[in-house]
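One-letter residues, chain by chain:
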Amino acid sequence: MLTFQILANGLVLGGLYACIASGFSLVWGVLNVINILHGSIIVLGGYLAFFAHAKLGIHPFLSILVAAPLFYAAGYVLQRTLINRMIAAPVLLTLSLTFGLDLMAQNGMLLAFTADFRTLIIEPPLGVLALGPVVIPIDRLLAMLLALALTGLLYLLLSRSRIGRAVVAVRMDREAAALMGVSVKRIYAVTFGLGAMMAGVSGTLLAMIYPISPLTGTVYLGKAFVVCVLGGLGSVPGAMVGGIALGIVESFGALWFGPENAATLSFLLLIVVLLVKPTGLLGRKGYE
Amino acid sequence: MTTLLQLSGVSRHFGGLKAVSSLDLSVDRGEVIGLIGPNGAGKTTLINLITGVHPATAGTVRFAGEDVTRQQPWQAARRGIARTFQIVQPFPEMTVLENVTAAALFAGGLAYGERAEAAALEHLQFVGLADVAGKRASTLTLAMRKRLELAKGLAMNPKLLLLDEVNAGLHSTEIDHALALIRAIAARGVTILIIEHLMKVVLNLCSRIVVLHHGELIASGDPQSIVRDPRVVQAYLGRRYADASH
Amino acid sequence: MPTGVDAYWLRLGTTMLMYGVLAMSWNFIGGMAGYPSFASAAFFGLGAYAGAVAQKYGLPMVVAWSLAGAVAALFAAALGFALLRLRGHYFAIASLVVAEVLREIVNSATNLTGGGMGLNIPVPQMASIADQARFFYYAMLGVAVLAFGAVLVTQRSRLGFGLRCIQQNESAADMLGVNTTLYKVNAFILSGVFVGVAGAVYASWVHYIEPPDVFDVLYSIKPIVMVLLGGAGTLFGPLIGAALFLSLEELVWRNYLSVHTGVLGLLIVLLVLFLPKGILAFRLRRT
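Residue numbers (the working numbering), protein chains in the order written: chain A, 3 to 290; chain B, 425 to 670; chain C, -7 to 279.
These are calculated hints, taken from the structure and not from any lab test.
Built from N, CA and C at the ideal position, the CB exists for glycine as well.
Honestly, I wouldn't trust all of these hints.
Just so you have them, the derived chain B footprint on chain C, three or more residues with Cβ under 8 Å [to be verified]:
id	region
1	160 to 167
2	222 to 232
Taking beta-carbon pairs under 10 Å as the criterion, some of the chain B residues facing chain C (in silico) [unchecked claim]:
id	residue
3	PRO479
4	MET518
5	ALA535
Per label pair, the in silico range of CB-to-CB distance [to be verified]:
id	chain 1	residue 1	chain 2	residue 2	range
6	B	SER649	C	SER149	49 to 57 Å
7	A	PHE63	C	LEU227	38 to 46 Å
8	B	ARG494	C	ASN103	27 to 35 Å
9	C	GLY141	B	ARG632	25 to 33 Å
10	C	LEU236	A	ARG120	37 to 45 Å
11	A	VAL136	B	ARG494	47 to 55 Å
12	A	THR121	B	SER562	26 to 34 Å
13	A	PHE119	C	HIS199	26 to 34 Å
14	C	PHE228	A	ARG120	31 to 39 Å
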């Protein structure tokens, strides 16, 4: 029975991880840029939800409606003004650029919000859902379902809308897409905007479950890395598979090796998968 | 004459695609062999099999009596198998001299130092690039880069030189120049396997021609008999030859 | 006899030499071979803990430092054989994650390392605090001289030439007879061994280490910034970069402690965006 409980925990965690990683994976796959800033954007989304709830009494589910366009716009502008200049630069430089931006963001958040952990408490508590012996807190369940729904929406956006298909076309073959009249620069900005949007939105969801602090961004970034490597780059289904795989691995890892070693286990998993199957579990060919 | 290179039942598959299948080929020391065949016949794959870029899916490759089927490219280079590329691959930010010195050092077996450079300079003189030895490789014209590839190949002190379309993209005086160079290399006793689209070059240069079609060896013989071989004409040569003789 | 000013300059000098070691070491793998390594923090932390644990079990300090170098070199060799098959982002990420894994392992191995409580390193018996400071300055100078010597020898050898070939075009180097795996692993070992020793000297110098301190990701980032500042693949570039970086850091650190990391970030961003000369001279493979 414990197995089912752990599995349920893993699935809930996995849904959130999928949401965390989908935008990161998209940016990496389409732009060939590793966005180190991703973790800090998630934390910013958390602060947005926290303050909207604390000052204005807005439920985190509702603040998503504000977070999504806001973070999309910020990401779009950031790409257009800064990151686009370095898009064809060597790996080391694009990595350094987003790393530098992340250091600035972390420092800025520390100054603005201090390093204290803040917790968003929803009153009254939603309670738990009991399915036989398996118990799931309802807030987590809702956050996970919403995370999966948003990730699914991103998938629909990419596969059904005109702009989404342009993003996918650029990912597959930039030159061909450019020849067909797609403005690659604009698509890059749209993609980065979508990535930032997914980060911000997942931050608002995570705020309901985990305490918020400027330095937790690194942890989320680490999860996004592992999910991308597990699921392969640049595809939403890949992020889903990778996210759920990571959630389950971490839950069972915590059971077998102790919770303090769950993160180490996931990083070891990352290295092993990179070495054995660098294209991810779904076997899609990623960008190097 | 003794056998230098021996391929027995060599196959290479990419997924479901058979790029080369059950191929037997024997090359004697001192031969100049032309390897021809339509695009996609598996010519470059064959060279990759010989140089260890792709290991054979089945069969064995023997070089100078040694089984080299599983070798790495750098091992092939040190054993005396040199190749030039269809798309030239210099080290762009190094000088022409450094490019050739690298070949003399790592494959040619020379020690690091002035002797390797002196040897490299000799090879550059041989191909007529001594004047530009100090220039960066990225500044060379295509014809010069092809000659640089030849100089690198020579500096590797090869027993077997694999030339992959060294004449593609060159105009006729440049081709004549390249032909003279290849003849001079052959006269030194280097065994040469040359992939070539221009029949003029192959017929002029080679003592034997082998024809690849759909990954299989369909004919092998002296140039005159190959030209008359109905299978070859049917598979490939008729149109090409007609084109080339205009 | 020694004044406060002396102590300040000694500390600065020791830090400068340590940064120099970090930058010169990263240059082997990042500058010469062109692999975007983020493993410096792993080597530094590993060296610091290897040296500290060895001293805890009674080994003399200098022996412990040498042991730390050997541990870092062995670790780099094993890691290199595994990771250097990856390219571009994948290599960068894998090398970045290594320090995290090591940190957690050190955190968990409480018996050996003290875990999150940190580890105290015995203070060498010396006449005065000033003598100690001077001693560690010369120790770090010794490591820096060794690293510089290694750079010098490598750049004028077959290994250095082969690494330049790999940096320009790895598959062409392979075809030309360069045993690329072996060369890259050698570069990785060179990029690890002196950092490991520097980590051990650092541990003895500060008397106390804890996992978040010595496995700090900034130990991976700073050497890259220094090399970017000074010029990759060159002999003096990393040293010049280290000096420049430390000056900037000291200026900001002393005056604006609360925005220290933010200014470091800004420096990186400006460097990447507006130093096209330095960056053009810095040709790393894209994939």
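C-beta pair THR121/A, SER562/B: status relative to the range 26 to 34 Å that was hinted: 58 Å, violated
Supplied distance hint 37 to 45 Å, evaluated on CB atoms of LEU236/C and ARG120/A: 39 Å, holds
Chain C contact restraint on MET518/B - CB to CB distance below 10 Å: Constraint on MET518/B satisfied, holds at 6 Å.
Range hint 49 to 57 Å (beta carbons of SER649/B and SER149/C) holds or violated: Given range 49 to 57 Å: holds, Cβ gap about 53 Å.
C-beta pair ARG494/B, ASN103/C: status relative to the range 27 to 35 Å that was hinted: 46 Å, violated
Pairwise beta carbon distance, PHE228/C to ARG120/A, judged against the given window 31 to 39 Å: With a Cβ separation near 48 Å, PHE228/C and ARG120/A fall outside 31 to 39 Å, so the hint is violated.
Coverage criterion applied to the region 222 to 232 of chain C (partner chain B; beta-carbon cut 8 Å; 3 residues): With 0 residues closer than 8 Å to chain B, the region 222 to 232 of chain C misses the three-residue bar; violated.
Consistency of beta-carbon spacing, HIS199/C to PHE119/A, with hint 26 to 34 Å: 31 Å, holds
Within 8 Å of chain B's CB atoms, at least three CB atoms from the region 160 to 167 of chain C: coverage verdict: Contact hint for the region 160 to 167 of chain C vs chain B: holds, 7 residues under 8 Å.
Residue hint PRO479/B, partner chain C, criterion CB-CB below 10 Å: Check failed: Cβ of PRO479/B comes no nearer than 14 Å to chain C, outside 10 Å.
Range hint 47 to 55 Å (beta carbons of VAL136/A and ARG494/B) holds or violated: With Cβ atoms ~53 Å apart, the hint holds.
Hint check: 10 Å Cβ-Cβ cutoff, ALA535/B to chain C: At about 8 Å, which falls below the 10 Å cut-off, the nearest Cβ of chain C leaves the hint on ALA535/B intact, so it holds.
The structure fails to meet hints 2, 3, 7, 8, 9, 12 and 14 from the earlier list, while all remaining hints are met.
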